[in-house]
Structure formats: C-alpha cells, structure tokens
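Trainee: Now for the letters of each chain:
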Amino acid sequence: MKIDLSFEDNLAILVVDGILNSENAHIFQEYLNKVLKSEATILELDLKNCNNISSTGIGKLLLFYKDFLGKGGEIEVTRCSSTVYDLFTMLKLNQLFTVNPG
Amino acid sequence: MKSTSNVLIVDDSSSLAQSLCKILAMHEIKADAVFNAQDALQKIRRNRYELMLCDIEMPGFTGLELLERIRQDEEHDLDVILMTGHLEPNYFIRAIQLGAVDFISKPIEAQQLVGVISCHLKRRHSRENLEQFMQHLDTANMELVIDPKKLSLTSISRVMRLFFKQNLHLPQNLFNELLICADEMVYNAYIHGTLGLSLEQRHCAHAEQEAIIFQKLSQPEIATRRIRFSVFVDYQQNTISIGVSDDGEGFDYADWLQRVAKEPTLSLDFYGRGIAMLYHLSDKLEFSQGGRKVQISRKLYPERAARL
Chain D
0 MKIDLSFEDN LAILVVDGIL NSENAHIFQE YLNKVLKSEA TILELDLKNC
50 NNISSTGIGK LLLFYKDFLG KGGEIEVTRC SSTVYDLFTM LKLNQLFTVN
100 PG
Chain A
0 MKSTSNVLIV DDSSSLAQSL CKILAMHEIK ADAVFNAQDA LQKIRRNRYE
50 LMLCDIEMPG FTGLELLERI RQDEEHDLDV ILMTGHLEPN YFIRAIQLGA
100 VDFISKPIEA QQLVGVISCH LKRRHSRENL EQFMQHLDTA NMELVIDPKK
150 LSLTSISRVM RLFFKQNLHL PQNLFNELLI CADEMVYNAY IHGTLGLSLE
200 QRHCAHAEQE AIIFQKLSQP EIATRRIRFS VFVDYQQNTI SIGVSDDGEG
250 FDYADWLQRV AKEPTLSLDF YGRGIAMLYH LSDKLEFSQG GRKVQISRKL
300 YPERAARL
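If you're matching them up, the sequences are chains D and A in order. Taking numbering that gives the first Met the number 0, the leading residue of the first sequence gets 0, the next gets one more, and so forth. Taking numbering that gives the first Met the number 0, the leading residue of the second sequence gets 0, the next gets one more, and so forth.
Honestly, the hints are just simulated from the structure, not real lab data. Check the hints yourself; a few may be wrong.
[Unchecked claim] Pairs of lysine-lysine residues, derived as DSS-like cross-links and limited to a Cα-Cα distance of at most 30 Å, are as follows:
| # | chain 1 | residue 1 | chain 2 | residue 2 |
| --- | --- | --- | --- | --- |
| 1 | A | K149 | D | K1 |
| 2 | A | K148 | A | K164 |
| 3 | D | K91 | A | K298 |
| 4 | A | K261 | A | K164 |
| 5 | A | K121 | A | K42 |
| 6 | D | K91 | D | K33 |
| 7 | A | K149 | A | K29 |
| 8 | D | K36 | D | K1 |
| 9 | D | K91 | A | K283 |
| 10 | D | K36 | D | K65 |
| 11 | D | K91 | D | K65 |
| 12 | A | K283 | A | K261 |
| 13 | A | K21 | D | K47 |
| 14 | A | K261 | D | K91 |
| 15 | A | K164 | A | K42 |
| 16 | A | K292 | A | K149 |
| 17 | D | K1 | A | K21 |
| 18 | A | K149 | A | K164 |
| 19 | D | K47 | A | K298 |
| 20 | D | K1 | A | K164 |
| 21 | A | K29 | A | K148 |
| 22 | A | K42 | D | K47 |
| 23 | D | K65 | A | K261 |
| 24 | A | K105 | A | K148 |
| 25 | A | K149 | A | K21 |
| 26 | D | K47 | D | K36 |
| 27 | D | K91 | D | K36 |
| 28 | A | K42 | A | K29 |
| 29 | A | K292 | A | K164 |
| 30 | D | K1 | D | K33 |
| 31 | D | K70 | D | K36 |
| 32 | A | K292 | D | K91 |
| 33 | A | K164 | A | K29 |
| 34 | D | K1 | A | K148 |
| 35 | D | K70 | D | K33 |
| 36 | D | K47 | A | K148 |
| 37 | D | K1 | D | K70 |
Please build the complete structure, drawing on both the sequences and the hints.
Mentor: Here you go:
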C-alpha cells in the first residue's frame with residue numbers, strides 16, 4: 000500500500016493505493032493524524048487505486064472522523080471502486096460523509 | 000516455438016520496431032509494433048500479449064512510466080523486457096522494482112533478441128502449464144498453524160497473495176475480497192481470540208499497542224496459543240473456503256449471525272463491523288467451536304458451473 004498526502008489551503012488530499020488491511024492500517028492512521036494536526040477542514044480521501052479496505056482500516060477512518068468532526072471537519076471519499084463503494088454503503092458510511100464512486 | 004506467441008514491441012523508431020518484428024516473425028514469434036507509449040497502452044487493453052519489448056528512452060511517456068502504468072492495472076499479466084542504449088543505476092533499480100523481467104542493450108543483436116524472447120516465452124508457457132494443472136485438480140488444501148509471536152513478522156495477506164497468484168487465476172475483485180476476508184479473520188483471531196485486547200487497547204496508538212502486545216505475548220498461557228488457518232479449494236464444486244480458528248474464549252456468534260441475517264447493512268457498531276464485512280463478502284459465513292472457528296465460502300469462478 001502507498002499513501003500520499005498533500006495540502007491545498009484548508010483541503011487535505013489523501014491518496015491510498017493498494018489494499019488497506021490490518022498490516023498497514025496503522026500507517027493510514029499516522030497520515031490521518033497528520034491531517035488532524037493540520038489546519039485542514041476538508042479531507043478528500045482518493046481511493047481510485049485502493050483495491051479494498053479491511054474493517055481495521057474502516058475503524059481508523061471512523062476514529063479519525065469523530066475527532067475531525069469535533070474540529071468542524073468534513074470528509075469526502077472520491078473515486079471508489081465498486082467493491083469499496085459497496086462496502087462503504089453496506090456499513091452506512093455514506094450516511095456520515097459523501098462517498099463518490101469512481 | 001508456438002506461433003501464437005504474442006509480443007508487443009514499443010519503440011519511437013518505427014524502422015527499428017518494424018525490423019524487430021520481422022526478425023521475430025522469421026522465428027515464428029508473432030509480434031506487433033507501436034511507436035509510443037499511449038498506443039502501447041491501447042494495444043495492451045485490446046489484446047492479450049504475453050510479452051512487451053519496450054524502449055526506455057522515448058519522447059513524452061518513457062518506457063519506465065509505461066511499465067508503471069501497466070503494473071498499476073493488475074489485470075495485465077504481461078512480462079516486460081526493456082531495451083536501452085545505456086542504463087543508469089537508478090533506472091535499473093526502478094525497472095527491477097516495477098517487475099521488468101530482463102534488459103536488452105542497444106544496438107540489438109538479432110540472435111540475442113530471439114534467444115532472450117524465446118527463453119521468457121518458454122518460462123511463461125511452463126508457468127501457465129503449471130497453473131492449468133492446478134486448475135484441473137479435484138481439490139487443494141493448505142493448512143497453516145501460526146505462532147502468534149511470529150505473526151507480526153509478516154501478514155497473512157502476503158502469504159495468501161502468493162498462494163492465490165501461484166495457484167489460482169481469480170478475477171481481480173474476488174482475489175481482493177478473499178484477501179480482505181483472510182486478513183479480517185486472522186486479525187480477529189489474533190486480537191480477540193489470542194491476545195484478548197480490550198476495546199481501549201485496540202484503539203490506542205500503534206506504538207502503545209505494540210508494547211501491550213509484546214507484554215501479552217510474554218505470558219506463557221497466551222504465547223502457547225495458536226491460530227490455525229486453512230484454505231480448501233474444491234474445483235469440482237467450484238468453491239473456495241477459508242477457515243480460521245484460535246485458542247481463545249470464543250463468543251456468542253449465534254446472536255451476531257441472527258443480527259446480520261436480519262439486517263445485512265449493520266449499523267456502525269464497533270463489535271459488528273468485521274462480521275458484517277465477512278457476511279457481505281462471502282457466499283456463506285459459519286462459526287463453530289463456540290465461536291473460536293470461523294469459515295467463509297465463495298464461488299471460485301462466478302461464470303463457471305460446478306465441474307461434476
């Protein structure tokens with residue numbers, strides 16, 4: 000898995016490439032913590048090349064969501080594959096933040 | 000040499016690319032030529048090439064960038080040989096990282112070209128024969144007994160990735176979903192069944208969690224626990240089953256199974272997310288041994304009926 004994080008004003012763009020699973024979810028969490036500590040109020044999570052996410056990865060995103068929401072932040076998940084989109088819908092994450100299919 | 004061999008030659012010098020095609024044709028190796036990376040990508044999408052011979056230095060999109068694009072799309076199982084006049088060490092390392100199988104120096108000597116390509120096609124056909132053999136087995140079974148102290152050294156996803164790649168030609172989505180299921184099941188057996196981490200311990204910072212796990216694994220009653228992982232492929236029934244069991248306390252799985260069956264789209268309950276994912280990603284989800292064993296089953300090739 001590869002993660003790339005960039006900032007544009009109040010927007011943080013996190014691009015995840017590969018499978019996000021229990022082995023690497025802590026790395027994902029480290030990047031989310033960087034976003035939390037930054038001035039960003041919008042997180043764009045680009046999952047174009049993310050093949051799948053385990054529940055550990057989802058758990059890290061949810062923990063981040065609670066803290067980010069607390070500081071007035073918003074998450075937008077973009078360019079999901081059909082598998083990841085189905086997963087987000089099944090877990091009702093699309094009710095918490097915008098989830099756009101690829 | 001089979002005349003059905005399919006090679007794509009990519010070089011911005013059209014005369015060189017066409018000459019190489021002619022040389023290969025003389026040795027019954029069928030080849031197409033394109034003169035830039037964009038055309039190469041289009042050709043690759045439309046055809047099932049076995050091997051690509053590609054120049055590194057091309058205007059615009061270089062050979063390395065083309066290789067990177069091909070590797071991003073795991074649908075393409077293409078061996079790539081790079082050709083260049085000179086190869087800088089950084090380029091060489093990057094090409095190896097991206098999975099280039101060989102290099103040919105320019106100017107190209109015809110005999111060497113045919114030798115290298117024939118050798119790689121022969122290896123590929125041998126690999127494909129092995130894959131075909133594996134697919135014509137009645138059943139295949141793999142069982143692993145995992146020492147939790149060693150689990151952190153590698154992830155089960157890597158083991159499974161290797162096993163699936165070598166033995167099964169699965170559609171990409173199924174491949175990814177099985178990897179996620181295997182990861183989910185082993186991680187649960189590790190975190191819950193073996194270590195018995197509390198909710199708070201599971202959500203603390205990574206370094207802190209590592210310290211807790213280290214401390215837990217130093218306790219003999221935890222260190223002697225084992226995680227048993229199995230994959231059973233039934234080619235006749237066209238199914239694959241993944242099972243994981245642990246030596247932990249188990250849990251009230253019947254209640255959870257009822258909940259996911261009633262409401263497959265579970266709410267964001269901290270305890271139900273993993274089960275909901277397994278339920279969602281499998282054709283059949285079963286628990287046994289008081290919740291210490293979980294098994295999922297999937298149809299192997301969706302388009303294929305059971306081979307009976």
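Trainee: Hints first: check each against the structure and report whether it holds.
Mentor: Cross-check of the supplied hints:
1. K149(A) x K1(D): OK: K149(A) and K1(D) at ~24 Å, within 30 Å.
2. K148(A) x K164(A): holds, 26 Å
3. K91(D) x K298(A): holds, 26 Å
4. K261(A) x K164(A): violated, 36 Å
5. K121(A) x K42(A): holds, 23 Å
6. K91(D) x K33(D): OK: K91(D) and K33(D) at ~26 Å, within 30 Å.
7. K149(A) x K29(A): violated, 48 Å
8. K36(D) x K1(D): holds, 21 Å
9. K91(D) x K283(A): holds, 22 Å
10. K36(D) x K65(D): holds, 14 Å
11. K91(D) x K65(D): Distance of about 15 Å is within 30 Å: holds.
12. K283(A) x K261(A): Between K283(A) and K261(A) the Cα gap is close to 15 Å, so the pair holds against 30 Å.
13. K21(A) x K47(D): violated, 40 Å
14. K261(A) x K91(D): Answer holds: K261(A) to K91(D) is near 16 Å, not above 30 Å.
15. K164(A) x K42(A): holds, 24 Å
16. K292(A) x K149(A): holds, 20 Å
17. K1(D) x K21(A): Not satisfied, since the Cα-Cα distance of roughly 41 Å exceeds 30 Å.
18. K149(A) x K164(A): holds, 23 Å
19. K47(D) x K298(A): Cα-Cα ~26 Å, so holds.
20. K1(D) x K164(A): Between K1(D) and K164(A) the Cα gap is close to 21 Å, so the pair holds against 30 Å.
21. K29(A) x K148(A): violated, 52 Å
22. K42(A) x K47(D): holds, 23 Å
23. K65(D) x K261(A): Roughly 28 Å separates the two Cα atoms, so the pair holds.
24. K105(A) x K148(A): violated, 51 Å
25. K149(A) x K21(A): Between K149(A) and K21(A) the Cα gap is close to 54 Å, so the pair fails against 30 Å, i.e. violated.
26. K47(D) x K36(D): Roughly 25 Å between the alpha carbons, so the hint for K47(D) and K36(D) holds.
27. K91(D) x K36(D): holds, 27 Å
28. K42(A) x K29(A): holds, 14 Å
29. K292(A) x K164(A): holds, 26 Å
30. K1(D) x K33(D): Cα-Cα ~16 Å, so holds.
31. K70(D) x K36(D): Satisfied, since the Cα-Cα distance of roughly 10 Å is no more than 30 Å.
32. K292(A) x K91(D): holds, 27 Å
33. K164(A) x K29(A): holds, 27 Å
34. K1(D) x K148(A): holds, 26 Å
35. K70(D) x K33(D): holds, 14 Å
36. K47(D) x K148(A): At roughly 35 Å apart (the allowed maximum being 30 Å), K148(A) and K47(D) break the hint.
37. K1(D) x K70(D): holds, 27 Å
Hint compliance for this structure: hints 4, 7, 13, 17, 21, 24, 25, 36 are broken, all remaining hints hold.
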